[in-house]
Structures are given as structure tokens and as C-alpha cells.
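Trainee: One letter stands for each residue in the lines below.
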Amino acid sequence: MNTETLKSEIARYLASERETDLIEGVKDVVRREIFALDPNVKIADTHTFNHSYNPDFIVEWSDQGPTRARKVFLRFDLRSVYAGEDLRRLDPGSMFVGIREGVEDRQVDPYRAELEDESNGSLLTDTSALNTFSLQADAPMMGILGANVVRGAQGVVDSPAAEAITGVVGSDWGQGPEGRAEYLGLINTVGQHFSPDAALRLKRTAQILWMGTTGDLSPLDGEDGLVLGQLSDVELRTLVPYLLKQPQTAQHLGFWRHIGTMLTLRRLLDLAPDLLGIDINPFVVANTDRLSAKRVKWVVDMEEQVLPTWSITRNALRLKTRFGVVLFGLDGRALKAEEDARVPSWEDVAAAFSLYRMDEVSLAGIARKWTVTSEDNSSVLEDCRRLAEGTDERLFVPRAVLTLPAQLERNPSFTVLDLAHEVADVKPQETVGLLAYALLPYLALRTGQQYEAKDLESAFYSE
Amino acid sequence: MSEDEGVIGERGVYFAKQWLESTTHFDVPHTAYDLTTMTTLPLMPPGKKKKYDLAGRFLGSGKSPVMCEVKTTASEAGQGPEYRQFLANCYSASYREYKDQVDPKRHYMWITQHPFLLGKWSKLTSLGYILESLGEHPDTIDNEVVDQEFARELVDRLWIIVLSEPLKKVMLTSDELYQVRGLLKRDEG
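Residue numbers (numbering that gives the first Met the number 0), protein chains in the order written: chain A, 0 to 462; chain B, 0 to 188.
None of these hints come from the bench; they were simulated from the model. All values reported here derive from a predicted model rather than from experimental measurement. Where is the CB? At the ideal position from N, CA and C, for every residue including glycine. Where hints are given, some of them may not hold.
[As the list claims (entries may be wrong)] Mimicking DMTMM-like on lysine to aspartate or glutamate, the simulated pairs with C-alpha atoms at most 25 Å apart in a straight line are:
#, chain 1, residue 1, chain 2, residue 2
1, B, K98, B, E175
2, B, K50, A, E16
3, A, K244, A, D137
4, B, K49, A, D104
5, A, K6, A, E18
6, B, K62, B, D138
7, B, K50, A, E23
8, B, K50, A, D20
[To be verified] Computed list of chain B residues with no C-beta within reach of chain A, every gap over 12 Å:
#, residue
9, G11
10, G61
11, L126
12, Q147
13, V154
Taking the hints into account, I'd like the entire structure generated from these sequences.
Mentor: Here it is, written out as C-alpha cells:
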């Protein structure tokens with residue numbers, strides 16, 4: 000909805016003869032504007048209007064932490080916030096939204112400085128200002144700016160101020176030749192109008208967009224103060240899909256490694272619906288040594304495909320190779336055991352097991368079963384060989400516990416291979432890179448092929 | 000009126016609104032500074048209207064509407080005549096609604112920071128004083144004969160509240176009120 004349409008809609012409601020039409024109509028417009036700015040919040044209607052202490056709405060969100068809330072008070076204009084001494088009486092950090100504009104003797108300008116001084120984290124804005132931000136919310140910087148208006152803008156941000164801010168940020172921010180100057184201008188602007196938390200998020204967003212679109216990774220060298228920390232949900236949903244779709248960004252391995260410091264596998268999986276149809280390889284390849292899984296499932300299946308590729312589902316990160324598919328997830332509910340899997344024989348796995356330090360191996364014949372273990376792990380494989388050679392029965396291996404080479408340096412993580420169900424549980428967790436390197440030789444042997452290091456080179460990060 | 004005087008009067012109106020809402024018995028969403036359509040009532044003479052400073056309603060089952068005239072003054076000055084006009088207006092506005100068969104049984108409040116007419120204080124909301132005020136302002140009721148039975152009913156819907164500035168110091172804070180309101184559930188009646 001453009002600003003003129005919004006104004007005429009509000010004017011129509013304000014002219015209502017019935018009080019309920021006025022109140023419900025105006026509140027609906029404001030609710031829509033807030034939701035357009037930040038679709039990830041919940042907006043609770045308290046069923047009061049222009050009340051002195053009960054807010055009209057309570058906006059709630061949770062973003063990698065406890066639920067946070069902001070009270071929203073509708074006022075006919077911002078002058079009434081001044082006359083009603085709302086900033087002294089009401090919660091710091093509240094949002095006041097003026098719904099009526101252009102009334103000559105109700106201008107806020109004579110009191111602007113005083114309101115700025117007393118704002119104490121509260122935002123004083125109006126419907127047109129909110130609309131100014133929401134109009135361009137489809138652009139990545141503007142989308143994140145809009146969400147931060149709801150969550151952390153402060154001081155007097157009426158229509159002229161909103162236009163000044165969006166003028167600095169712009170819908171194509173960071174993509175022009177003046178990226179650096181634009182970036183510094185934006186940092187200055189958000190510092191004035193947003194809480195420290197929100198300003199930090201916006202600075203991080205600006206840095207990421209700037210680096211991702213220009214390839215200038217100088218902030219990674221400490222220039223301009225690199226902003227770290229976990230990406231908020233809004234940043235994640237907006238930035239990662241957008242940048243993965245930018246052809247020039249895909250090339251910047253260092254950039255994607257920087258993003259990798261701000262993302263876990265769990266949050267990447269949360270993002271799966273937003274990544275449908277998008278090539279995620281630039282990000283995953285750059286971070287195979289950072290994304291950690293707790294559960295792995297594999298499907299042995301020889302394919303002609305030569306280059307391994309990453310993709311994502313709601314439940315797992317998926318690696319497709321010429322030996323089969325490996326799925327990396329976080330728990331058994333998401334990656335269920337394969338009930339119809341073929342239990343491998345000792346001959347199937349013996350060669351692969353020699354790659355690992357085996358802590359425990361279960362062997363099963365038709366009549367007998369053994370669990371082979373030892374105090375110092377050194378003789379487990381040898382003991383298994385002797386058992387296999389000393390019996391006429393063909394022995395199968397339903398389960399094994401092993402420690403991956405790199406895990407030896409970082410005890411106490413270990414891997415329980417449930418070979419009978421083609422899943423493994425890793426405790427506490429291990430990087431997808433290490434798990435794949437450990438598992439693929441096994442898959443190669445199972446498909447009767449020779450595993451070669453180049454099989455994974457293109458899909459994994461290496462120094 | 001200077002700008003400062005304007006803000007002082009406006010602050011008095013907002014204080015009255017805040018105090019009424021702090022009792023937890025009222026919601027008063029409209030002030031004369033906001034939208035006059037919600038604070039203005041037609042009177043008996045055709046085309047004549049009265050704008051009040053506040054308009055709201057009781058919470059609870061009745062939800063009777065409330066109209067308030069607020070006087071931000073440090074003295075009695077001029078309140079006597081203005082109050083009698085207020086009474087005439089109350090009768091006129093209510094009787095107009097009664098004749099139009101839309102009488103919501105409004106309450107009317109005179110909220111002042113300073114008492115007035117102390118010699119007649121106990122009579123100020125009596126039938127006799129309403130009739131005296133109507134006699135003083137026949138034009139407000141379009142020179143019609145007063146319906147005494149209707150005027151008698153109005154007595155129970157008239158309030159005079161002296162709201163002095165120091166009361167601000169003992170009002171519950173907005174945060175306390177916010178919590179109390181949730182517990183009382185007065186607006187569910």
C-alpha cells in the first residue's frame with residue numbers, strides 16, 4: 000500500500016461515525032504496517048485504544064534467545080505524547096504511533112528536542128513513517144531495516160526522519176560503486192535512530208551485504224570494526240538466500256567462511272524452506288569444517304555423478320557423491336534408522352575399519368554373537384580378524400563404535416555406527432567435513448569402488 | 000492564548016484522562032485535542048453542539064458513556080457561571096438523545112483542579128440547581144419547557160471531581176496499573 004492510499008484509508012476510518020469502526024479500522028491499518036515491516040513478530044491486540052497506560056498492541060519476537068516484547072501505544076499525534084507526559088510515565092522502549100497527520104496546531108516540531116531527550120529507548124513515529132520503511136521491505140537492506148524499526152528504532156522518527164533514513168539506506172544499498180561511502184553513511188544514520196543492539200544488527204547486515212556484493216573483504220581484516228555474533232532470524236532469512244543467488248558473491252570463499260562463523264547447522268536447517276531451489280554449495284563448501292552434525296545417515300548407491308554436491312532438506316544437509324548419499328542432521332527424529340538396510344559382512348567393512356581407531360565391534364553369525372572391545376583399543380580389529388578367520392560362519396557387523404582420527408585430539412567425542420540401520424550417532428558432535436571424510440571410504444568400499452581424495456576436494460574446505 | 004497556556008490546558012485534560020483510567024473503571028480514548036466527532040454532542044437547538052474535553056465509557060456490563068469537562072485552573076475564577084452552563088448543556092445533550100430515542104444514559108463529569116461555589120457545594124448536582132441553571136440558559140434548551148422527571152434522572156449521572164496536582168504523586172504507576180488491569184478484568188463484564 001503506498002503512503003497516499005494509507006493516508007486516505009486512515010482518513011476514512013477517522014471520519015467514521017461509529018466509534019468501533021474508527022478504532023478497529025485504524026488499529027487494523029497499524030497492525031498491517033507493523034507486520035509488513037517485520038513478518039516474524041506476533042502482534043497481540045489488547046482491545047484498548049489510545050489508553051493512558053494499557054498499550055494498543057504488544058509486539059513479541061524471539062530470536063535465538065528469550066522472547067522480547069515492545070508495547071505499542073497509538074496516539075492521534077505525537078504532540079499528545081508530549082502533553083500527556085507519556086515518556087515519563089510509560090515503559091522505556093515503548094513505541095508510540097501517531098495516526099493523524101497534517102493538523103496545523105498539532106505539530107511536534109516545537110517539542111521535538113525535548114522528546115528526543117526524554118525518549119529513553121522509546122520510538123515516536125507515525126503511520127506514514129512506518130509505511131515509508133515498509134514500502135521497500137523487499138530489498139534486503141530495507142527488509143532488515145524495517146524489522147529493526149519495530150524492534151529497536153528510537154527517538155522521533157516521523158515521516159521526514161523516515162525519508163532521510165531510507166534515503167541513506169536506499170533500496171539498492173551496497174550495490175553501487177559508492178558502496179563504502181554508503182556504508183559509512185548508513186553506520187552514522189543507524190547510530191542516531193536505533194538502539195545499540197539494533198544498530199549493531201544493521202551494521203552487521205550492511206557489512207555482510209557490502210562484502211558479499213562488492214567482494215571487498217577489508218572488514219575481515221579488522222577495518223571498520225568487523226561485527227560478529229550469530230545472525231538474527233531476520234538477517235538469516237533475508238541475507239543468506241539473497242546472497243547465494245548473487246553470482247558474484249558465490250565466488251568469495253572468504254566471505255562465506257565469515258558467514259559460517261554466524262551460523263550453525265540447526266539454523267541452516269531452519270532456513271531450508273527459504274533455500275528451496277538455491278545452490279547452497281558456496282556456503283557449505285566454505286564451512287565443512289564448521290558445520291557440526293550429531294546424526295548421519297547414508298544410502299549406498301553407485302551413481303555416475305562425479306562431483307559431489309550439497310543440498311538441504313528440512314531435516315538434513317545432504318551430500319550426494321558417486322558412492323551414494325550422506326545426510327547430516329541433528330537427531331534421530333529427523334534422520335530415522337533404515338529398517339530395511341542390509342547388514343554388512345565383516346569382509347564388507349574390514350578394509351574401511353582399518354582407517355579408524357575401532358573402540359568396539361559387534362560381530363554376529365547365525366548361531367553366535369560377539370562384542371569385541373579392549374582396554375586400549377589397539378587389538379580390536381586384530382581380534383575381529385581372528386574371530387572371522389576362526390569360524391566357518393559368515394560374520395556380519397551390525398554395530399561398531401569408533402573414534403575418528405581428528406576426534407582423537409578432541410576427546411571425548413566418538414561415533415556409534417549402527418550399520419544394521421545405516422545411521423551413526425556422533426557424541427557430542429563432529430564437523431560434516433570430518434564425518435564425510437570418514438564415511439565415504441566406507442561407502443566406496445561398499446560399492447566396490449576405489450575412494451580417491453579428489454572425490455571430495457571440490458566439496459570441502461581446506462586451508 | 001499562548002502556546003504554553005495551551006499545553007498547560009492540554010496537560011490538565013490528559014491528567015484527568017490518566018486519573019480516570021487509573022481508577023480501572025473507565026476507558027477514555029477520546030480528547031478534544033484528538034477527534035472532535037467523538038467528543039461533541041448535539042444540543043436541543045438545531046445545529047448547536049457542545050464539545051467536551053474527554054469522552055469515554057465505564058468498564059463493565061453497563062458501559063455507560065462518560066463526557067467530561069476539565070478545568071485546569073488554580074482558582075475559583077469563573078467556574079460558577081461555566082458550571083451552570085455545563086449543567087444546561089448536559090440536560091440539553093441528554094434530552095436531545097432521549098427525544099431521538101438513542102439515550103445511552105450518559106454520565107457527565109466536571110473535573111476541576113480547584114473547588115468553586117463552596118457555599119452551594121452540596122447542592123451543585125441537585126435537581127434544584129439543574130433547574131436554576133436551565134432557567135439561566137433557556138437558549139441552550141431551545142426555550143422549551145423543562146421535563147422535570149428527565150432532569151431528576153440526570154442528577155444521578157452528574158459528577159464533580161476535584162483533581163489536584165498532588166494526586167499525581169500517589170497514583171499507581173503505569174506499570175502497576177497495567178498489571179492490575181489484567182487481574183481485575185473489569186472490561187469483561
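Trainee: Indicate, hint by hint, whether the structure satisfies it.
Mentor: Checked hints:
Of the pairs offered as hints, the one joining K98 (chain B) and E175 (chain B) is violated, with about 43 Å between alpha carbons and a cut-off of 25 Å exceeded. With a C-alpha separation of about 16 Å, the suggested pair K50 (chain B) and E16 (chain A) falls inside the 25 Å cut-off, and the hint holds. Taking the CA atoms of K244 (chain A) and D137 (chain A), the gap is near 15 Å; set against the 25 Å cutoff, the hint holds. Proposed proximity of K49 (chain B) and D104 (chain A) is supported: the alpha carbons are some 21 Å apart, at most 25 Å.
A threshold of 25 Å between alpha carbons decides the hint, and for K6 (chain A) with E18 (chain A) the separation of about 19 Å falls inside it, so the pair holds. Between K62 (chain B) and D138 (chain B) the CA atoms are separated by roughly 31 Å; this puts the pair beyond 25 Å, and the hint is violated. With a CA separation close to 24 Å, the supplied pair K50 (chain B) and E23 (chain A) stays within the 25 Å bound. Between K50 (chain B) and D20 (chain A), the direct Cα distance comes to roughly 21 Å. Compliance with the 25 Å bound is thereby established for this hinted pair.
At the 12 Å boundary, the C-beta of G11 (chain B) falls inside the reach of chain A, the nearest C-beta of that chain being 9 Å off. The claim that G61 (chain B) is not at the interface with chain A holds, since no C-beta of that chain comes within 12 Å of its own (minimum 16 Å). Every CB of chain A lies more than 12 Å from the CB of L126 (chain B), the least distance being 31 Å, so the non-interface label holds. Every CB of chain A is more than 12 Å from the CB of Q147 (chain B) (nearest about 32 Å), matching its label as outside the interface.
Remark: the non-interface label on V154 (chain B) is consistent with the geometry, its nearest Cβ contact in chain A lying 27 Å away (cut-off 12 Å).
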